[in-house]
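Participant: Please build the complex by placing chain B on the supplied structure of chain A, with the hints as guidance.
Protein chains in written order, with the numbering used here: chain A, 629 to 777; chain B, 89 to 588.
Treat the hints as calculated values from the structure; they're not laboratory data. Treat the hints loosely; a few may be bogus.
Which chain B residues face chain A? A few, computed with CB under 7 Å, are given here [unchecked claim]: (1) A259; (2) V307; (3) S494; (4) M543.
Not close to chain B: a few residues of chain A, all C-beta gaps over 10 Å, as computed [as the list claims (entries may be wrong)]: (5) D630; (6) R631; (7) A632; (8) P694; (9) L723; (10) L765.
Being a predicted model, the structure only gives us computed values, none of them experimental. Cβ atoms here follow ideal geometry from the backbone N, Cα and C, with glycine treated the same way.
Residues per chain are reported as follows:
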Amino acid sequence: MDRARLTDALGPLALVAIGLAFATGSWLGLDLGTLRRLGPGALPLGLGLILATLGAIALVQGLLQPAEQVPRPDLHALAAVGVAIATFAVLTERLGLLPAAFGTVLAMTTVIGDLPWLGRLSLALGVAIGVWAVFLLGLRLPIRAFGAG
Amino acid sequence: MELLGNLALGFAAATTLEMLTVCFVGVLLGTFVGVLPGIGPLAAVAMLLPVSFHLPAEAALILLAGVYYGAEYGGSTASILLNIPGTPSASVTALDGFPMAQKGRAGVALVLTAIASFVGGIVGVIVMALLSPALAGFALQFGPAEYFAVMVLGLVAATVVGGRGIVRGLAMVCLGLLLGTIGVDVNSGATRFTGGIPDLRDGIGLVVVAMGLFGVSEVIASIRGNTRHKVSQKLNWRSLMPNRADWTRVPGPALRGSAVGSFFGTLPGAGQTVASFVGYAVEKRISRNKDQFGHGAVEGVVVPESANNAAAQTAFIPTLTLGIPGSTTMALMLGALMIHGITPGPRLITDHPSLFWGLVASFVIGNLMLLVLNIPLVGLWARILRVPHAMLYPIVAVLICLGVYSLRLNLFDVWLTLGFGLLGYVMRLWRFEPAPLLIGFVLGPMIEEYFRRAMLLSRGDPLVFIERPGSATLLAIALMLLVLAALQPKKLLLRLLKSA
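Bound conformation, chain A alone (with noise of 0.2 Å):
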């Protein structure tokens, strides 16, 4: 088996993988029910089983056709969309809304690298007050432009 098929079937492997957990946690730890009054964990139980069984089927589909290449994942934009909201994520809650939405947009493009730093930090800088003008004057979100909550 080549190094593309295996890749390519990572998917549907993944979609058993998935499926079985959802079963075996709903037949677990949930209640079931009886078929008239089924319980919280008979409908996952069942969507669980039929997931694994499709993914068991996409996966030999997928050894029965010619094997399809799975692109290499663009790192590089994974890199810049991830430090983006973690960015956000992280400086809302210790700066503000504004300061996290300036270090988001000067993250992002400082990971993607096409603007100058001029450019990144005026983009920064407008996005910020575009920011604050729509949504905490404009629609009045309630949320803190600056300061640790």
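Facilitator: Then chain B, alone, in the frame of chain A:
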């Protein structure tokens, strides 16, 4: 006549200053995201969901719907000027629109698509106003078993949307349904699959899933396609005006396109893209100018645009009268309704007449606004295509974070959105469609409720679903759809297109 009274009610509801403003903002934003390749109407609707929660239900729906059909107008712009469809359904428009642009007739093509879109939109609205009450009246006889069957039909349709094969589509639906079970079960009060995390007790938010799967993963996937587009054509008034020969080739194709579009829009799972493909194929078959198709035929831009706009309107029929979303965007609309405490279903029209008829009226108003927005401002929209992505995506990222955070002021949701974004991206890599997952997620709680209720009423006999004629018919249709999907409709469509 009852219809006239209803329409009067609708126009009264939709012409207040607030509703007009909301409608205008919606169609304006819709055109904007439609023009920009990369950010589709789906991501835009997902990003506006949090904002819509601060509005009354009517205004929320008018706003989201405006974005949705506004994007169908805008989608053709990039198709014609750059041969890059702004929305999937506009890809057909590129077949003749781009050749027209190459011949220096881009302005004419843009004006004709705006007019064709308008005709399609209005025909779609008329069909919706006439058909919805009848369909809802019929559906009022449904019991829990029929509702369950309707939902199954909707889910099956959702897998057909995906086009990656039924097994993969159904698997995504199941995954969506399972994700929907996370949180406290309303019937028993039992906590399901939260892993002890208190933030998950209320379940995963629809906005979190939608923003993650469609917003975040979309940004990851397209952030580096950072090409600045060159639009060389000058668009002035004179270059916009179609000549007399062009005009004579508009009415017939526009009406035929609208008819095809109205029909396919009502079918869950078919949607605008199929509508424009079929419309184009039919027109090519019957047209006298057959040999011009693909080389800049006027009919070739008129038909797909009228078809996809008609379909955009009639797609609301099954969504609002039966509660089955024909597409992912419709699933988000359903979600928005449910968050406002309105259950979509056959009672919607009678219980919330001003919501339904106000929406219908807003479609007419919105389409008029779009016509005005699109023809004189064609040059402006074309210029938007020059906005560099490097500036666009950081703004989108902030909007996503802020939108998610503003709902519950909970940063856990922001992290969870990042998680769903990664999931969505990984799913793309492995060729799994996120659309069926989202539709399963939205319908999950309802489908479980109806299933459990039907089982209770039948005293635990699962045969109830095939013994009652209503639910049996619906389930049979669902099965037929599955079989049809197994025959690979996309390939059939392409063959139809080639042979025509």
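Participant: All the hints need checking, so say for each whether the structure fits it.
Facilitator: Results for each hint:
no.: 1; hint: A259; in the structure: holds, 4 Å
no.: 2; hint: V307; in the structure: holds, 6 Å
no.: 3; hint: S494; in the structure: holds, 5 Å
no.: 4; hint: M543; in the structure: holds, 6 Å
no.: 5; hint: D630; in the structure: holds, 17 Å
no.: 6; hint: R631; in the structure: holds, 15 Å
no.: 7; hint: A632; in the structure: holds, 12 Å
no.: 8; hint: P694; in the structure: holds, 14 Å
no.: 9; hint: L723; in the structure: holds, 13 Å
no.: 10; hint: L765; in the structure: holds, 14 Å
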